[in-house]
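*Asks:* Residues per chain, in single letters:
Protein chains: 4
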Amino acid sequence: MIGYGFMGAAHSVGWRQAPRMFDLPAGVEMAVVVGRNAEAVADAAARWGWQESATDWREVIARDDIDLVDIVTPGDSHAEIAIAALEAGKHVLCEKPLANTVEEAQAMADAAARAAERGIRSMVGFTYRRVPAVTFLRDLVAQGAVGRIAQVRAAYRQDWLVDPDMPLGWRLQKEHAGSGALGDIGAHIIDMTQFVTGLSVDAVSGVVDTIVKERPLQGSGTGLSGTVAEGYGEVTVDDLAIFTGRLSTGALASFEATRFATGRKNDLSIEVSGDKGALRFDLEDLNTLWFYDRTAPEATQGFTRILVTEAQHPYVSAWWPAGHTLGYEHGFSHQAVDLVTAIVEGTDPHPSFDEGLSVQRVLAAVEESSANDSAWVRVGAEVSSPTR
Amino acid sequence: MIGYGFMGAAHSVGWRQAPRMFDLPAGVEMAVVVGRNAEAVADAAARWGWQESATDWREVIARDDIDLVDIVTPGDSHAEIAIAALEAGKHVLCEKPLANTVEEAQAMADAAARAAERGIRSMVGFTYRRVPAVTFLRDLVAQGAVGRIAQVRAAYRQDWLVDPDMPLGWRLQKEHAGSGALGDIGAHIIDMTQFVTGLSVDAVSGVVDTIVKERPLQGSGTGLSGTVAEGYGEVTVDDLAIFTGRLSTGALASFEATRFATGRKNDLSIEVSGDKGALRFDLEDLNTLWFYDRTAPEATQGFTRILVTEAQHPYVSAWWPAGHTLGYEHGFSHQAVDLVTAIVEGTDPHPSFDEGLSVQRVLAAVEESSANDSAWVRVGAEVSSPTR
Amino acid sequence: MIGYGFMGAAHSVGWRQAPRMFDLPAGVEMAVVVGRNAEAVADAAARWGWQESATDWREVIARDDIDLVDIVTPGDSHAEIAIAALEAGKHVLCEKPLANTVEEAQAMADAAARAAERGIRSMVGFTYRRVPAVTFLRDLVAQGAVGRIAQVRAAYRQDWLVDPDMPLGWRLQKEHAGSGALGDIGAHIIDMTQFVTGLSVDAVSGVVDTIVKERPLQGSGTGLSGTVAEGYGEVTVDDLAIFTGRLSTGALASFEATRFATGRKNDLSIEVSGDKGALRFDLEDLNTLWFYDRTAPEATQGFTRILVTEAQHPYVSAWWPAGHTLGYEHGFSHQAVDLVTAIVEGTDPHPSFDEGLSVQRVLAAVEESSANDSAWVRVGAEVSSPTR
Amino acid sequence: MIGYGFMGAAHSVGWRQAPRMFDLPAGVEMAVVVGRNAEAVADAAARWGWQESATDWREVIARDDIDLVDIVTPGDSHAEIAIAALEAGKHVLCEKPLANTVEEAQAMADAAARAAERGIRSMVGFTYRRVPAVTFLRDLVAQGAVGRIAQVRAAYRQDWLVDPDMPLGWRLQKEHAGSGALGDIGAHIIDMTQFVTGLSVDAVSGVVDTIVKERPLQGSGTGLSGTVAEGYGEVTVDDLAIFTGRLSTGALASFEATRFATGRKNDLSIEVSGDKGALRFDLEDLNTLWFYDRTAPEATQGFTRILVTEAQHPYVSAWWPAGHTLGYEHGFSHQAVDLVTAIVEGTDPHPSFDEGLSVQRVLAAVEESSANDSAWVRVGAEVSSPTR
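Residue numbers (full-length UniProt numbering), protein chains in the order written: chain A, 1 to 388; chain B, 1 to 388; chain C, 1 to 388; chain D, 1 to 388.
Bound-form chain A, shown alone (with noise of 0.2 Å):
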C-alpha cells in the first residue's frame, strides 16, 4: 500500500477484516506500506499490521513477492504510480479520483488496457458502489424493479467549511487538490450514477463556485526565517458544484456537490426514478433501502423502507444476522473480496481504470461547462484544462 494517511486506515481494515470474514479464493498477506516520513510510515505499519514499512515506492512495486500495489496517495501521484505499477506486473488498486487531470487518467487506462493482456487487473475505489444497499440498489434496477429511467436526482451534501475560520489547507488550493467539491465529493454521485443506471453521462451543463473565496493561512511556522504565515490567502478550489446531466438515453440528471449543506455531515443521495418504480438511497443511513413500486395494488403503493441487512442481500451473509447494521468501513472490506476474486479468476474487476476515465472526463466537462457561461459539454469532447 502506498500512502498512509485517512484512506490508508480505511484501506487496512479492508485487507485486514475481508480475509476473516469472508471466503476468499486466496490468501491476503499485508505485506508493506510505503510513505516519505519513514519514522511515521514505520508507526503506520505497526498500528495497521503491516509486515513492513518502506519509503521508496519504486523498489517496492520492483519486489518479486508483492503481487497488488494500492495506491491511497492524494491524486496527483496517482498516475506515476499506478502507471509503474501496472508495467511492473503487479495488480493496481487506485483510490479515487483515478487522477487530477484527463491527460493523466488517459494514460492510466491506456496502461491498464495493455496490462490486462497480460492478465494483471486494476480497480479504481470508488467504495460506495460496495455498499451494500447501492449494490442492491443496482441489481433492483438492473432486474428492472424502476423500468424505463426518466429522471436521476443525486446529492452529496457536506457542511465542514461552513465555518469562516476553517484554514486554507491544501485541499483548498489548486495547486494541490486539483479540484474541490466537485472532484473529490462530485466524482461520487457522477460514478453512483453511471454505475447504478447502468448509463453514461454524456453532455453537461452546470456552474462551480467558491462561497468562501478567503480563509485564514494555516499559522504553522515555515522557512528558514522562521516566520509564521499570518492574514488571509485565497481559496482557488471550488466549494459547490452543481450541473445537470443529459444521460445516455437522453434521461437528465441532477447534481450537486457541496461543502456549504450546513448539518450535512457526509450525506450522499440518489434517487433514480422509471416508469415503473423508483429507488432512493442516502449514506447517512447506509444500510436502507428505500423502493417504490408502482406496479403494486394502487392503494398500498409508497416507498418501502428496506433494512439490507438480511442474507440474501449483497455481501450481508458474510457478516451478521438481520438487522445488525454495518457502517462505512465494510464498503473497504467488499472492494478487497471482489479485486481478490477477479484476480484468483482472472477476470477484470470493477469500477475499471476506464470507468475511474469517465467520471474524470465528466468533471473536465463540467468544469468546461461553468467557465462557458454553464453551456452544454459533450463529454469527452471537452477541451481539457491545464488542471483537469
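By construction, these hints were calculated from the structure, which means they are not laboratory data.
A portion of the hints provided could be inaccurate.
Identical chains blur together in the list; that is why a pair holds if it fits in one copy or across any two.
No more than 30 Å apart at the CA atoms, straight line, and that leaves these computed lysine-lysine pairs for BS3-like [said to hold, decoys possible]: (1) K276 x K213; (2) K174 x K276; (3) K174 x K213.
Position chains B, C and D against the provided structure of chain A, taking the given hints into account.
*Replies:* Structure of chains B, C and D alone, referenced to chain A:
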C-alpha cells in the same frame, strides 16, 4: 369568486373557515361565484355556500355590493379580469401564477400600482407561504437563525405524468396552459425561495424537458358526427425543469420541478443553508420544520424536528392545541385572514402583484436559458417569448 | 350542540364542512348551541355559525325542529343529557369518553338500545377512527393484510404535565374529571385497538400513577371574601397508565397513556403485528400509514410508507388531489358524514354506545387492576368503583 | 476465547480491530480459541486469526501465557468456566446473559468479588452500552440533560419467530436456553435502562407468553437408528414478554421483548423522559441519538437528530470523520478497549458481574410475576425458580 374548479373549492374553504376560526377585523360574505356554465356554477355555489351564482364576470365586478374579487380561473384570463376588477375599484386576490406571460403580469402589476394609490389592494395566491411551518421558516431566517445564506436547495416533485397512458389534457398543451411543470409548480419554489430568504433570484441557467413527448388523445366523444378522438398527440409543455439561480447576494440556489418523480405525490421541499444554521421544509410533512443550529453546543447539534403546532407558531393559536396537525387547505384560510386584515388596516398585502411578476420573470428567464444552451439569463433582461 | 369548549369548535368545523365537501343524503342546519353562560354561548354561536344560542338544554331537546343532539360537555353530564335526548326522540352524537362511570355508560347504552327500536341513532365520538389512515388500517386488517394478529402495541403520549408549575386545573381533580390520562387519552387507544383489530380487550393488568402529586392552585379570586387561592393542592387523577390487555383471540396488547412523555405532543401510535404483515400509524404524522407485507418478495420487504391521500383511500376523494394532506379536524367532518348517512339510511352508526361502554369497562378494569397489585381483571367482571 | 459461534465472530472482530484503531495501553494477542469439535474450532481459529485452537478449556485457563478469558459459550456453561477462570487468576469477559439462573449469577458475582481483591477483573458483555450513541445518551443523562427522570419506555423487538415453520431449535427449549425473548433480548433493555439512567429496577409486574406453542421438529437424522425427527414439539420458552418496572426513584419504566413484531428485525429502542428533556435511541439506526431539550426556546423545541459521528462523541475519534457511520460490530471493539484499559489501569470495568447479576434478578422477578397473575415482585426478593 371568478372560477370554480379545484382552486375554487380550496378558496371557498378559506373564505368559509377564516371568519369562524380567526378574529377578523371585518365580516366576510361569500356573495357570488361566477362561471360560464350556468348550471354547473349554480351547483358549485350551492355546494360551497355562496349566496349566488352568475355567468358574466363583468356584470359582477360592476356591482356596488362587491368589495373583493377572487380570481381562480386558468392563467390566460387572469390579466383581463384582474385589471378590470382593479379599475372597477375592487380589491383583488388572484391565484398563481399571476399570468401566462411577463407582459400580462407586467400589465397587472401596473394596474395594481395604480389601484394602490386609490387604496385598492391586490394579492397573488402563493398560499404555501402561509403554511405555518413556512411562515415560521421565513421568520427564523429573518431573525438570523441561519446567518448569512450560503445556498438554497428547492424542489417540487410530483409523479402524475409517469403513467404513459395519462391522456393529453389541456394542461399538457402549450396554447392552453402556457407552461408545464415549470410554470405550475416551479413557480411555487421560486416564490418560496424569494419569500423565505428575502432575496431575489437575479439570474438563472437551466433546462426544461419533455420526457413523454406523445400521449393518447382524450377519447371523449365530440362533435356532431359523434367521432371519438383517437391516436396520439404531441405534449407541448415541459414536464421537468432543472435550473440554478443566482440570488441577489451572489449565493446559488438549485431548483427542480418535475412530474416524473415516481412516488413523490406533492413533494415541495426547500433547504436554506447558512453560516449559523439551516432550515428545511417538506410539504408532504407540512406540520414539521427542521432546524439545524450551528450555535448550539457542538456535541448535541443536529436537525431539530419542530412540530409547528404550538400556540406561538404563526396562525396556529386560532386552531387546535399542540400536536393537533393542520393540512393543505389551512393556508387558504390564512390567506383570507391576511388579505382581509390588510384591506381593513389599509396596508398592502403580500405576495403583491409585483412579487408575482418577479416570479413570472424568473420563469421566462429559465425558458430563455433552456432555449439558449442553458446560458445564464439575467432576470428582467430576458427577451420575452410569445407564450410567457 | 350542547357545550362549546374546544370540542365545540372541532364539532362545528365538522358540521360546517361536511355538507360543503361531501355529497350528504340530507342537509345539515347548524340550529342552536347551548351553554350556561348566555353571553359566552351567544358569542360562540355567532363565531361558529350556529343560528341560535340557548342556555337550557332541556328546552332545546324538546323542540320539534331539532333532529340531532351533539353533546360536547364534560363527561359527568353526558349520561343525563344523552338519555334525555334519546328519550325525546333525538339522534345523539356524544363526545368520548361516553361517561365518567361504567354505571352511567351502561344506562346510556340501555337508553340507546331502547331508542334504536324506534329508529333513533346514537354514536360516540371516537373521531380518530375516521382519520383516513386509521380507517384504511382497519380495512387492511379486515382484508387479511396482517393475517392472524400476534400482538398489538399502542401508546398515547403527551407532555403537557411535564412542567411542574402547570396549575391544578379541573382536569387534574378526580371529582370533576373522573380520571386523568387513562380516561382521556387511554380511552382512545383502547377504542382504536378494538376498532382496527375487530377484537375485544377481555382482560387487563396494569398500573396507573401520578408523577407530580402536588401542583400550584389556580390563583383565580374566589369566594365572598375575595381571597385568592394560594399554595399547592393534591393531584387526584393519574397522569400515567401502563397496562397490558388480553384480546379475545388470546393475543396480548401493550398500552401506555401518559402526559409525561417529554417532547411528545399528541402522539397516538399503534402497531398491529400478524403472521402475514404489520401495520402502524402515528397521529403526529396522520396522513401516513406504514405497512409491512410478509408475503412480498423477501429481499424487498420493509415497512412501506403509504401517503394516505389517494382518491381510493377512505374519505379522501371528497377533499384534495394526491399528496395534499389533511389534518386533525377532518375526522370531525367524516364523523358528521357517517352519522348523517346512517340516520338517513336507517342503519346504526359506529362507534355505538355499546362500543363506548366497552371502552369504559376496560378503563374500570385497569383501575381495579392497578388498585389490586396489577392482578389481571376480566373486563365486565370488574367491581365497579364509585368514580367509574 | 471459549466458544466460537456467532458471538465468537463478533468478539474476534473486537479483539482484531481494537488494537489497530485505538491507542491501547497494552498489546492484544489473540492466543487460543476453544471448542469441543477439534476440526471446527481449528477452522474458526484459522479464519478469525487466533494463533491456536484447543478443545479443553480447563487446560487453556491453566496456561501461564493466558491473561484473559473471553467466554462466548451458551449461558448454561458460563458459571463453571468463569468461576474456574477467575480462580485461576485470569481476567474474564463473559458474554450476556451472565448465567441462566440467579444462583449461578450470584456464584459468579461472588467469585468476581473474591478475584477483584487479587486485582483480577471481570466484565459482562452488554455490548450495546458501547454503541457511541448509547454511551453518549448515558453521558447526557448524567449531565442532567433530561433532568429528573419521569418515565422510561424500552422495547426490543424482532420478528424471526413469526414464521410458524421456523423449527424447534435449542433456543426454543427451556432445558437448553433457560429463557426465550425475555432472557435473550429482554436482558438488554433492562441493562440499558439501568445503565443510561443510573437507576435500578427495584420491582416488576409483567407477563410472558408463548404465541406459537408448537413448532416442527428439526428434521436432521439423529441417533443410532437413523430415525429422523418428525412432527411437532412444544415450545417451552416465552417468545414475548411485556413488563413494567419501578425504578429506584419511584418512576415507572415499560418494557417489551418480543420475537413476533413483524417487520422489526433487531429493533432495540429506548426513550428516557424527564422534566428538562428527553433522549431516545433505536438500534436499527444506531448512529443517531434524538434529544429533546425543554430548556431551549419554546418555539424551536423539538427532537434533535444528532448524528453521533463527531470526534467529540464517545469512541468516535478513533474511527472515521464526521458523517461516516459505524455498525453493530464496533461495540465489540469498544468493549475490548475498555476492558484492556481497566486491566492495565487497575480499575474495575463495567458492566461488572454484579450488574449482570442485577439483570438476572430482574428477569427472575418478571417470570415470578408472570406466574403469579402479574403481581408486583420486588427484585432480589423473588423466590428463585429452578431455571433462573
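*Asks:* None of the hints should be skipped; say for each whether it holds.
*Replies:* How the hints compare with the structure:
no.	hint	in the structure
1	K276 x K213	between (45 Å within a copy, 18 Å between copies)
2	K174 x K276	between (43 Å within a copy, 27 Å between copies)
3	K174 x K213	within (13 Å within a copy, 44 Å between copies)
Of the numbered hints listed earlier, not one is contradicted by the structure.
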